[in-house]
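Trainee: Turn these sequences into a full structure, and let the hints guide you.
Quick note: the sequence shown uses UniProt numbering, first residue 1, plus one each step.
Hints are computed from structural coordinates only; laboratory data are not their basis. Glycine included, each C-beta is placed from N, C-alpha and C at the ideal position. Warning: the hint list may mix true and false statements.
What the hints assert, rightly or not - Across the chosen pairs, the derived CB separations fall in these ranges:
1. Ser-525 / Asn-914: 33 to 43 Å
2. Thr-675 / Lys-767: 49 to 59 Å
3. Lys-633 / Lys-30: 20 to 30 Å
4. Asp-527 / Leu-318: 51 to 61 Å
Unchecked claim - With a straight-line Cα cutoff of 30 Å, these simulated DSSO-like cross-link-like pairs (lysine-lysine) come out:
5. Lys-948 / Lys-633
6. Lys-607 / Lys-737
7. Lys-767 / Lys-441
8. Lys-901 / Lys-674
9. Lys-325 / Lys-842
10. Lys-382 / Lys-560
11. Lys-674 / Lys-767
12. Lys-382 / Lys-502
13. Lys-445 / Lys-674
14. Lys-781 / Lys-674
15. Lys-293 / Lys-40
16. Lys-869 / Lys-902
17. Lys-40 / Lys-445
18. Lys-559 / Lys-674
19. Lys-502 / Lys-572
20. Lys-411 / Lys-375
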Amino acid sequence: MNQKKDSQETTWITRTHEFLPPIGSDDREKVIGFWSDFYKSVFELSESTSSYQDCFPTKNDSIYKQIVFKRLEQCRGSHLSDEQLRKLQLFIEDSTLEFDEKSMYKTVPNAVKMMILRGEESVVDDSSGKRKKAGFQSVKKGYDSSAMTYLLKSSKLTAEEKDSLNVFGQHTLEVLLIHVLSVLFNSVESDSVIRLSTLIDRLDTTVRSQIQLLKNRKSRYEQSISTAKAGVDIAPKPNGSPKNTFHFGNELASFLERKDLIEISIIGNIEDEPNRKKNGSFYLAKHQYVHCKIPASDLPIRFSLPMVCKPEDWQSILQDNQKPKYLSDLRGGYLSSLTADVDERYRLLSSKNLDNFYLEFHDDNSTELCDIMNKLQSQPFKVNSSFLSYIRQNESLLVEQGLILPSFLSKLQIKDIYEKFKKKYYSYHFSKSVRLATLFKELMKLIQRAGYEQYILKLAIAYEGYHFYLPAFLDFRGRIYRSGILHFHERDLARSLVIFAKEDSQVSSSIPISFYCAASHLYRSFDNNDDAVEWFEEAKGTFEEAPNDLLIKFACDAKKPLQFLSCVVVFKEYSTTQDLQAITSYPITQDASASAYQLMSYFLLDKDLAKNTNLIQRPGDSNIQDIYSYLLKEVQVYINDNDKYKNDSLILTVSDNLTRKIVKGIFMPMIYGKTLMSTGIFLQESFSFDLGKRQNAVAQVFYDFFKVKYSRLNCLMNMIQNIGWFSSERGNPVCYKVPLFTTIQDYRKSSETHIWVYSKSTHSRKKVTLSIPSEERDSRKTLSSTFVNFIHQKDACLAMNVVKFLLSDPSIPIPIYTVHDNFITIADCCFSLPLLYISAYKELGPPLLTINEFIYMNCSKPGYHDPEKFKRVIPSRELESLLNNCIPTEFRNKKNLWNKKKTIIVNSYNTYVNAVCGPIDSDTTNAPVATLLATRYEAHERKWESFKKELSDRYCLQY
1 MNQKKDSQET TWITRTHEFL PPIGSDDREK VIGFWSDFYK SVFELSESTS SYQDCFPTKN
61 DSIYKQIVFK RLEQCRGSHL SDEQLRKLQL FIEDSTLEFD EKSMYKTVPN AVKMMILRGE
121 ESVVDDSSGK RKKAGFQSVK KGYDSSAMTY LLKSSKLTAE EKDSLNVFGQ HTLEVLLIHV
181 LSVLFNSVES DSVIRLSTLI DRLDTTVRSQ IQLLKNRKSR YEQSISTAKA GVDIAPKPNG
241 SPKNTFHFGN ELASFLERKD LIEISIIGNI EDEPNRKKNG SFYLAKHQYV HCKIPASDLP
301 IRFSLPMVCK PEDWQSILQD NQKPKYLSDL RGGYLSSLTA DVDERYRLLS SKNLDNFYLE
361 FHDDNSTELC DIMNKLQSQP FKVNSSFLSY IRQNESLLVE QGLILPSFLS KLQIKDIYEK
421 FKKKYYSYHF SKSVRLATLF KELMKLIQRA GYEQYILKLA IAYEGYHFYL PAFLDFRGRI
481 YRSGILHFHE RDLARSLVIF AKEDSQVSSS IPISFYCAAS HLYRSFDNND DAVEWFEEAK
541 GTFEEAPNDL LIKFACDAKK PLQFLSCVVV FKEYSTTQDL QAITSYPITQ DASASAYQLM
601 SYFLLDKDLA KNTNLIQRPG DSNIQDIYSY LLKEVQVYIN DNDKYKNDSL ILTVSDNLTR
661 KIVKGIFMPM IYGKTLMSTG IFLQESFSFD LGKRQNAVAQ VFYDFFKVKY SRLNCLMNMI
721 QNIGWFSSER GNPVCYKVPL FTTIQDYRKS SETHIWVYSK STHSRKKVTL SIPSEERDSR
781 KTLSSTFVNF IHQKDACLAM NVVKFLLSDP SIPIPIYTVH DNFITIADCC FSLPLLYISA
841 YKELGPPLLT INEFIYMNCS KPGYHDPEKF KRVIPSRELE SLLNNCIPTE FRNKKNLWNK
901 KKTIIVNSYN TYVNAVCGPI DSDTTNAPVA TLLATRYEAH ERKWESFKKE LSDRYCLQY
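Mentor: Structure representation (structure tokens):
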């Protein structure tokens, strides 16, 4: 009996911990035993309670959670009118999104008190005459310990920096400090410890951005908004070479430590990072880490919640009939406008150079883009109550099988358990292969995942019974994202808890078939949809009769366990009631089949590649095609038939042990610019045998295969990448255009600077390294990123076209949610999406137009916008002339490098033209150049029409 109990206690460990030595290894049982003993020893520290009983507010909950979750609980089931729902939404936003001084006092009073009232140096006399640590009640009367006073007394700040603080109120800095700590320490996606450099950088950036914002707002608020191209408020560009001293960040970090609100130590995310010295030797970097001593419950959670009323439509905020040019010229989504503007909801890209990545609208196309956004964010959703109830009733079984993590993990604090963890590790005497850093990193990931899961469940409980909406936002490539974490962009748990709020769905006999097919594909892949439906039909009896423990064990083997399990729970409800409404609101996901390779087949007009990615149906074959299965066979044939590898036992062993999963892990990211070194590391982690020093040589085999077997695709990638490099080197951003907008991408280099931070706990100075963005363009980063951003923009264009087609026929109210190349709808509408997806491809037009436009936009001076110029093949001499005319001055002394890049671009373009136009007709070889060019473009249009006619909607999107 005890053995069975021990087995149950360790099952979740074996299912959830990534690092476990191979079965049969002496260390495997020791590692499992280590984790089991460690979790038992820290369980009491977590003060664990029942996972879901404390999801509703209690006396010990923070004010923040009380006023939001409690209000939702009070209003649930009240049949609120639209106006009442709007008032409720405004209340939620006032409590969570507004971060000015007034709202901070109301929503997080404990954090404000700790920030303002805690005495400096923390010693005062009490009534007994003894000295004690200062607390809320122990500050001397009249003593000003504000952050503003601390900065004004600092000898590090310049007179100009001190004068700039005049725009702040008495405790604005405290508000900013709480905001930054909330972002870094109490976000679901954040770590419980961070590097000191991260804190200093974020504090400094936030203060300087806020100063600039408030200065601009004094003059003209509208003008300051419209000039922030990235959709956020940013600090002004410095004149000349930037020299950021980080005075604000440095001093505010010291202020927080003196207040005893943070602790600085070397205990952090243990990650042994070897740095190379000039003489070739290595040393391990010892980074300084920060632990926040303000209780997590006293910090606001810094991301947006779902809306309980319809979001504001996206529309222009410009006056006098001005046409919007940038995303910042539009407003929509949440009801509240920005207040203190420390909120980051409008940030487009996680980058310090936010004004270097943005969208430009064409003419009045912003209206069409707003219509697409408004269509998506006006779709109501609701919590999957059936599955939420199932989770709450079967928590222990789900934890035991590793489908969710124990709740106590979410309550662990690294600084409290680090010494215990280290002591336990050394008591086990592991071999050298089991490193402390590896195990500690695993623990950090599990703590973060547990916190994520618990907050998802709390949100689901809070919003159960409501129809909620998810405001839509864009990144600089046009990809659509949603606010918060309770939506389909998230992981398995969140997706399993959200369904469409569609009560008036037409009942159709095809609904069960679509539902069965989608559920089966969540479990595993099938050759075709008929096999998937047949599998579910055969398994129905098992699902209806199996007890929960066996059902949960069965779901563990699914591709997406929790989504599959939620399907089964909903099916059992339908099976009991025979009411199709039980499954008609369930979200059906259809994923573009290897979307990047689909796009490559389009750009190359490669019918064979299109057949392998299901854009074109293979004649006589009714099955779903899988590009990665083809790649697996092809790469194995390439290795086995290549004389170079016949005597290479390691390469042959790698070939014999390849799987589809490994091949996908190589070739899917390769098209997005994954480096040779990263691929080598991935291969080493994928095999049970050691690749040793040859891991990069093994990776090179796959890159060589790709260049030989997919040479045209490789040429297209090289051309796009090197045009991006060329544009960066000549001092320009890279531009990508689609009908609705142009993407601007401008990577800049950053340089390192070192500052010294005094720590009162150790009475010593700590050296901290930070990065400063510069004005110098980063052509190396541009080279590696241009192609992936090019592809992602086209993906976004396809998704927008699908939504546009839905808008063109309002008589068909199809609910829709997009996740890049995934499309989500309900069972009785899922047959429409593949048709719309193929129509979106046809809308793209001849691919040579897009390539020519990209070349002229980035290789010529202004004036590239003439569409007629794109409708022809660019002669080699003209392309060379374009590249030569804009050669940067500094490259005139580096002709070899320039000529090499120029040759790559010209040769790649010619190879591409041959691919999409076909070979030159022998009858036209002696014709005038203009006639030849026109003839070749006509051949391209014919090839495009032939490709377009064969596009098939059968499996282009898959369940």
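Trainee: Take the hints in turn and mark each one as holding or not.
Mentor: Hints, one by one, checked against the model:
no., hint, in the structure
1, Ser-525 / Asn-914: 33 to 43 Å, "36 Å, holds"
2, Thr-675 / Lys-767: 49 to 59 Å, "30 Å, violated"
3, Lys-633 / Lys-30: 20 to 30 Å, "40 Å, violated"
4, Asp-527 / Leu-318: 51 to 61 Å, "54 Å, holds"
5, Lys-948 / Lys-633, "28 Å, holds"
6, Lys-607 / Lys-737, "25 Å, holds"
7, Lys-767 / Lys-441, "24 Å, holds"
8, Lys-901 / Lys-674, "20 Å, holds"
9, Lys-325 / Lys-842, "27 Å, holds"
10, Lys-382 / Lys-560, "21 Å, holds"
11, Lys-674 / Lys-767, "33 Å, violated"
12, Lys-382 / Lys-502, "9 Å, holds"
13, Lys-445 / Lys-674, "24 Å, holds"
14, Lys-781 / Lys-674, "12 Å, holds"
15, Lys-293 / Lys-40, "25 Å, holds"
16, Lys-869 / Lys-902, "21 Å, holds"
17, Lys-40 / Lys-445, "19 Å, holds"
18, Lys-559 / Lys-674, "25 Å, holds"
19, Lys-502 / Lys-572, "20 Å, holds"
20, Lys-411 / Lys-375, "39 Å, violated"
Hint compliance for this structure: hints 2, 3, 11, 20 are broken, all remaining hints hold.
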